[in-house]
Amino acid sequence: MSSNPNSRQLPFADAATIVRAHQKDAYFESIYRTYLQDFFQILHGQRFINSYPQEITVLAKALYLSLTTLLGARTLGEEYVDLIYVNKTGKRLPRLLPRIGFILSYAVLPYIVSKIFKSFKSSSEEESKKDGSISIKQWLIRMFSNYYKVLDVILNVHIALFYFKGEFYSLSKRIFGLRYAFGHNKDPQKVQQQSGNYSLLGGIIILQLFVKSLMALKSYNDELVKKGEKTNTATQRDNGTRIHDINTLQTLSENFETDHIIDLSDESQLPYLPENSRNCMLCLSPMVNPSAAICGHIFCWDCIVDWIREHPECPLCRQQCAEQNLLPLR
Amino acid sequence: MAERRLFQEYNRYKKSPPSKSNPQIISLNPISEDNIFNWQAIISKPTKKDNPFYYGGQWKLSIAVSRQYPLEPPVIKFITPIVHPNINLKTGEICLDILKKDAWSPAWNLEHLLVAILMLLDSPEPDSPLNIDAANLYRHDPVGFQSMVQFNMWKVGSFVDVKKSTPTTITKSNQVIRDVSGSKIRAIIA
Ligand SMILES: [Zn+2]
Ligand SMILES: [Zn+2]
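First to last, the sequence lines map onto chains W and G.
Residue 1 is where the first sequence starts when you use my numbering, and the numbers rise one by one after that.
Residue 331 is where the second sequence starts when you use my numbering, and the numbers rise one by one after that.
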């Protein structure tokens, strides 16, 4: 923040401007993604898009940054608010190597890590099914799941730091020392004012982290206490209540069925339906649990559900109608 | 569900036979009451007014109903060979959209399907043919198509059974063809 307007050094950007640039870039990345998606749809069809959504996103991100940051050009978001990359000292432009490192770690690395994690998980699940013992892989997975939690905390602290000091918006930028500076001279006092409201956000994040860690500590403590209390009798009682629950559920559902069948062969049921429209067009019998489609045509619940699950339309008028649109008459 | 629905239909046809409301449907019933899933039907085009190509003919159809009926359409085939652009001459397979899963609706019944097949006889679709020769002939030479249809009907003997069909208005043209059945048919066409 200590930039001297009289020196040759460009003033460092503030948090608000960086966030604006980032939002703009995110918007253009999503447009990029749509174009890529259209391209792949023509090339490989809809199925390809559905099976590789993550890959397309990563590709869009990497392409967008390669065509701008890697070539030494500004992204559209940076151009929009007039930002340029400088190195940590703010005296010169970042070199090519840090830029490559940033793009790889920002766009591609998280994807690769999550892929490795997934393959580890699935392979070890198979293994544990085979022998049931704890293998090195399972241990690694625990490490990984902890890694995600730790990463989450680090990222939160990092973003809070950003809100306070306005240095690096993403962790990769911090690691590779890519800082933003304004492309023009700015009144440093004005900049100071604008970043003021962002430190409040940073404060909230820190507070949230603090509360979270307190809760985690408490639940950990509770578990320790419970472990001490838990004995064989407790588990037995547990089983007992469960069986009881299932029994009540069964009786409930039995009661439900007998209470709620509406059979139109009984003339006292739904007397407002005229006699010539009490038959179901599908089973040709008096309707049981009559249910209306969106268009108002009425069928037995069982008959129409069987049909609509395969063909979401009314059998009589072919108006679109999904299963959840069926309305049981009462 | 299929069984119950089919018995409902059967009872309905017994109460008010399709032949009463539509004289072109001669009969529609299960082959035996033991198996409600196999039906047969006889349809006809008695007079030239009914159809300019197929007049005087009658055809037997087999109707195989699946256990998924009415969620799935039945399979209907011509047992009597018939020359028609949308009907396979050898297998009797019918190309009709409502007999296919995509266009079928469970609100239709077997009688509706027979009516649809009768309408297919009246207006063939030569653009989606199962019998390409018939389709070409129908498109380019209607008179030739008519004589081919009639010749085939004579060959397989699928003329209306006069004793059974009682309508009083059996037209002269119909009788002429029945009488000549062979040598004089050439003279009429010529
Ligand atoms: Zn029904
Ligand atoms: Zn409807």
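Rather than coming from a laboratory, the hints here were simulated on the basis of the structure.
Hints are supplied without guarantee of correctness; some may be wrong.
Covered by chain G, per the in silico footprint, the following chain W stretches (three or more residues, Cβ under 8 Å) [as the list claims (entries may be wrong)]:
no.	region
1	82-89
2	158-166
3	199-205
Pair by pair, the computed Cβ-Cβ distance ranges are [unchecked claim]:
no.	chain 1	residue 1	chain 2	residue 2	range
4	W	Glu275	G	Arg397	25 to 35 Å
5	W	Ser277	G	Lys344	45 to 55 Å
6	G	Lys350	W	Ser277	49 to 59 Å
7	W	Glu275	G	Gly474	47 to 57 Å
Predicted, not measured: the structure shown is a model, and the values here were computed from it.
Note that the Cβ used here is the ideal one computed from N, Cα and C, for glycine as well.
Evaluation of the provided hints:
1. Counting residues of the region 82-89 of chain W whose CB lies closer than 8 Å to any CB of chain G gives 0, which falls below the minimum of 3, so the coverage claim is violated.
2. Only when three residues or more bring their CB closer than 8 Å to a CB of chain G does the claim for the region 158-166 of chain W stand; here the count is 0, and the claim is violated.
3. Given as covered by chain G, the region 199-205 of chain W fails the check, having 0 residues with a CB less than 8 Å from a CB of that chain where 3 are the minimum.
4. Checked against the given bound of 25 to 35 Å, the beta carbons of Glu275/W and Arg397/G, roughly 31 Å apart, stay inside it.
5. With their beta carbons about 23 Å apart, Ser277/W and Lys344/G fall outside the hinted range of 45 to 55 Å.
6. Separation of Lys350/G from Ser277/W is about 24 Å and departs from the stated range, judged on CB atoms against 49 to 59 Å.
7. At about 55 Å, the CB distance of Glu275/W to Gly474/G agrees with the hint of 47 to 57 Å.
In the structure shown, a violation is registered for the earlier hints numbered 1, 2, 3, 5, 6, in ascending order.
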